[in-house]
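Start from the sequences and build out the full structure, keeping to the hints where you can.
Chain by chain, the residues run as shown.
Number of protein chains: 2
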Amino acid sequence: MGITVRKSEDLSEWYTQAVTKAGLADYAPMKGFIVLMPYGYSIWERIRAFMDAELEKLGHKNAYFPALIPESLLRKEAEHFSGFVPEVLWVTQAGDRQLNERLAVRPTSETIIYASVSKWIKSWRDLPLLLNVWNSVMRAEIKSTKPFIRTTEFLWQEGHTIHETKEEAEREVFLILGIYKRLMEEVLAIPVISGYKSESEKFVGALYTTTLEAIMPDGKALQMGTSHNMGQNFSIPFEIKYLGRDEREHFAWTTSWGISWRLIGAVVMVHGDDKGLILPPRIAPIQVVIVPIFYSDEERERALRRGRELLEELKANGIRAHLDDRTQYTPGWKFNEWELKGVPLRAEIGPRNLREGTVTLSRRDSGGKEDVVERDAARRAGELLEEIQGALFERAKAMLESMTHVAKDFSELKAIIEGRGGFVKACWCGSPECESKIKEQTGATIRAIPFEREEPFSGCVWCGREAKGPVYFARAY
Amino acid sequence: MGITVRKSEDLSEWYTQAVTKAGLADYAPMKGFIVLMPYGYSIWERIRAFMDAELEKLGHKNAYFPALIPESLLRKEAEHFSGFVPEVLWVTQAGDRQLNERLAVRPTSETIIYASVSKWIKSWRDLPLLLNVWNSVMRAEIKSTKPFIRTTEFLWQEGHTIHETKEEAEREVFLILGIYKRLMEEVLAIPVISGYKSESEKFVGALYTTTLEAIMPDGKALQMGTSHNMGQNFSIPFEIKYLGRDEREHFAWTTSWGISWRLIGAVVMVHGDDKGLILPPRIAPIQVVIVPIFYSDEERERALRRGRELLEELKANGIRAHLDDRTQYTPGWKFNEWELKGVPLRAEIGPRNLREGTVTLSRRDSGGKEDVVERDAARRAGELLEEIQGALFERAKAMLESMTHVAKDFSELKAIIEGRGGFVKACWCGSPECESKIKEQTGATIRAIPFEREEPFSGCVWCGREAKGPVYFARAY
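Here the protein sequences line up with chains L and C, keeping their order.
Residues 785 to 1261 in the working numbering are what the first sequence spells out, letter by letter.
Residues 785 to 1261 in the working numbering are what the second sequence spells out, letter by letter.
Please note: incorrect hints may appear among the correct ones.
Pairs involving identical chains hold if they fit within one copy or between any two copies, as the list cannot separate such chains.
Said to hold, decoys possible - Computed list of lysine to any residue pairs in SDA-like fashion (alpha-carbon distance at most 20 angstroms, straight line):
1. 1099 - 842
2. 845 - 918
3. 906 - 1110
4. 845 - 1103
5. 1099 - 836
6. 1099 - 840
7. 815 - 797
8. 841 - 1106
9. 845 - 832
10. 845 - 829
11. 1198 - 1184
12. 930 - 1058
13. 1099 - 1109
14. 815 - 884
15. 986 - 1216
16. 805 - 902
FYI, nobody ran anything at the bench for these hints, they're computed from the structure.
Here is the structure:
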């Protein structure tokens, strides 16, 4: 039941096996769709809990908006509509009736949310309006399905906020990006680079898009989360107006931002190894699995008794622990299964441990083992979990650094992209034509334009003319 | 902004105003759909938290399954399909492509879940499989929209479990019904009657359906939650088989059960009054609102300072409290708004309170007021919230009792149904023809057949022949 390929040899096949064999997700009967299984859902719930807590502190409120959007509403912002329409799924029938108007299965909720909030907002006193929604959206995927990374339907969180001023909207965009970055780096242990999207890569209809990007082991970038300043691009067609402090009517400023279950896919790809997942302790559904080892009924009773005591101690220390008391499997079989599922720490209780009054703690990330005396086991497990969380981040950071390259001219950029991949920092003049040519020639896109522009170290990597500064190129998922 | 009709005079109009003016929900731009606003969502999150905690104790796990179901899959259980097909919304296009097969927007997830779990289950060791899903489903509503009560899309929870034996499935059905009953009675303060559904009212495809039913102030029943034993009706077409303890293959036994945001509608209708909502403390997003009263800047500062202290004390006591420190509204305006929103307890801090070192606690349910010395305020608020929770249940129970009638013959039944309404306990012979005639003549259906059959006190209320015992009739939402 283990994974049959090496991660370094065939990342794609390794990934699919890791996701499905660990019980995170399963393919649904229709192309493009997956089932989020309980083990995967539990990780998603931890992501949700982190975001809910952070958003609540800043006054955001959860709400729910319809899953279907009338075509006329989706059309209200022309650029937005034309961007999404190629991948919209349309409801056209109810029972045996043809509908008068097609209803889009929401690809994103800007339009349906703006149609509502325009009725709710009267004066500046109603602002800011800070909404967040947990739902699923659909974008028809014609390419092959990759669980979490590329699916027609995906679970996500979409935030939508309405503000009095441009400055407030701008502050919100970056406040959220900061929360996302903490989620990714401190919770998921995945370092990210940040910046603006170029015009061609920004959210359709936005003034500008900010992004967080991670690098995967195959050298392809993964967009982890985006936060958009919509300016007044939507508030004007949707008539989101408020009576200002100056007693005059103004159009509001809006933002939207989202992260999806794609983050689970990133965790799998970044941290896993040939044996399967390695879950960062902060999102692991099970942080410590206790495996009793016994060769006789008498040993079994004692090991299980000790295991139950340890389970209670771990729980009392706020650690998510599980005692694997199944008798039909050998310890070795259990070790493999929990390694596949990425449980960060294993506590073994065998005959020698029972004699010595110890527990053997075994780390999933490094394979390191240590014996601790029983009364210290829970405390030490807590310490090790923190260490593992930190070690995973450091390892991922080293990978990001080793996969971030600098290119002074196009041949260098092309060689890196077509070789080991990764982020390529190269100078760009700002022209969409150069960006498009580079994409055409290499498949790489501009992943992020740094917020703080650095001095150019060369001319534009494509045209050679004066560059505005370096940006990050990469092929991406 | 208050409600402009009396609850007793026009429940329907009162209800719509109460729901929308209190900020629970808003109508969406398309018929049949509503927006669950933050205040309503917060109630839904409390219902969810209660259920998640109870289900987790019993080993259920949350998961997520696709929102679209291929027509061929929905057709696998014929009775199920024919029951749902008149109200299914169909996706037929993706972008500008026609799909080869229509995809149903899930009206319920039995078929898509069974298609997956049949792959997951190999042996009796994989059972029971206890799944729960929080999602939205759609059933095209041709009647007019009533927020929470009758909407095309609704948020709900659907549980799906797979068992080795008929007995286990049966136990699960009743275990869940018991949790639902506790949610309704102990959390939402709404008493319910329970029983089996008749053949004509059961879930399409089920062996039998159990139900919990409440009575609304207009004498109509509201189905609050159902729990179904599917027998092997689905496990056979979906081939949910397992290798048994006897080393032979068996078809599994399945159950499903659900509650929806309809429960929020029930809370509004059952507990509200002419001023607006009255929320049971256990689900109220805000349990205590603190309203400072002042006539000068100096009073304002003192009242606000006292208010902030009280806010912290209430929070420290685990009470969800809010300080209304807005200066643009009068205390009277604020009282009205918080009454409309149904906050169970108001704490007033005015000049007299400041002089006397007291807080005035005012109950939303009874209007009763009492002054308490400051240091006792948080403790006393906690007591009053418990009292309010109990008082709301008692009042609703008295309503249920006063609206439960007995009819010995059809003319009596008809007179009650067409008069004040309510539940009518009447004897029934068990024939679907009699049930159908009664529905035709009065609009009343059999809401529940008591689990413990009572002795009949008359012949069948329709045909006069020997009855099996009394059942509960009512018109229903």
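Verification of the hints:
1. With identical chains, the CA atoms of residue 1099 and residue 842 are at most 20 angstroms apart between copies only, with a shortest distance of 18 angstroms across copies and 31 angstroms within one.
2. For a Cα distance limit of 20 angstroms, the shortest separation of residue 845 from residue 918 qualifies both inside one copy, at 11 angstroms, and across copies, at 19 angstroms.
3. For the identical chains of this complex, residue 906 and residue 1110 are inter-copy neighbours only, at 17 angstroms across copies versus 61 angstroms inside a copy, given an alpha-carbon limit of 20 angstroms.
4. In this assembly of identical chains, the alpha carbons of residue 845 and residue 1103 lie at most 20 angstroms apart only when taken from different copies (19 angstroms versus 29 angstroms within one copy).
5. Within a single copy, residue 1099 and residue 836 get their C-alpha atoms only as close as 24 angstroms, which misses the 20 angstroms cut-off; across copies the closest is 19 angstroms, which meets it.
6. Within a single copy, residue 1099 and residue 840 get their C-alpha atoms only as close as 27 angstroms, which misses the 20 angstroms cut-off; across copies the closest is 16 angstroms, which meets it.
7. In this assembly of identical chains, the alpha carbons of residue 815 and residue 797 lie at most 20 angstroms apart only when taken from the same copy (17 angstroms versus 46 angstroms across copies).
8. Proximity of residue 841 and residue 1106 under a CA criterion of 20 angstroms is satisfied inter-copy only: 14 angstroms between copies versus 32 angstroms inside one chain copy.
9. Proximity of residue 845 to residue 832 under the C-alpha cut-off of 20 angstroms is found in both arrangements, the shortest distances being 13 angstroms within a copy and 16 angstroms between copies.
10. Within a single copy, residue 845 and residue 829 get their C-alpha atoms as close as 17 angstroms, and across copies as close as 11 angstroms, so both meet the 20 angstroms cut-off.
11. In this homomeric assembly, residue 1198 and residue 1184 come within 20 angstroms of each other (Cα to Cα) only inside a single copy, at 19 angstroms, whereas the closest approach across copies is 76 angstroms.
12. Taking the shortest alpha-carbon separations for residue 930 and residue 1058, only the intra-copy value of 19 angstroms comes in at or below 20 angstroms, while the best inter-copy value is 54 angstroms.
13. In the homo-oligomer, the alpha carbons of residue 1099 and residue 1109 lie at most 20 angstroms apart inside one protomer (17 angstroms), although the nearest pairing across protomers, at 41 angstroms, exceeds that limit.
14. Within a single copy, residue 815 and residue 884 get their C-alpha atoms only as close as 29 angstroms, which misses the 20 angstroms cut-off; across copies the closest is 12 angstroms, which meets it.
15. For the homomeric pair residue 986 and residue 1216, the shortest alpha-carbon distance inside one copy (12 angstroms) is at most 20 angstroms, but the shortest distance between copies (61 angstroms) is not.
16. With identical chains, the CA atoms of residue 805 and residue 902 are at most 20 angstroms apart between copies only, with a shortest distance of 16 angstroms across copies and 47 angstroms within one.
This entry satisfies every hint, going by the numbered hints stated previously.
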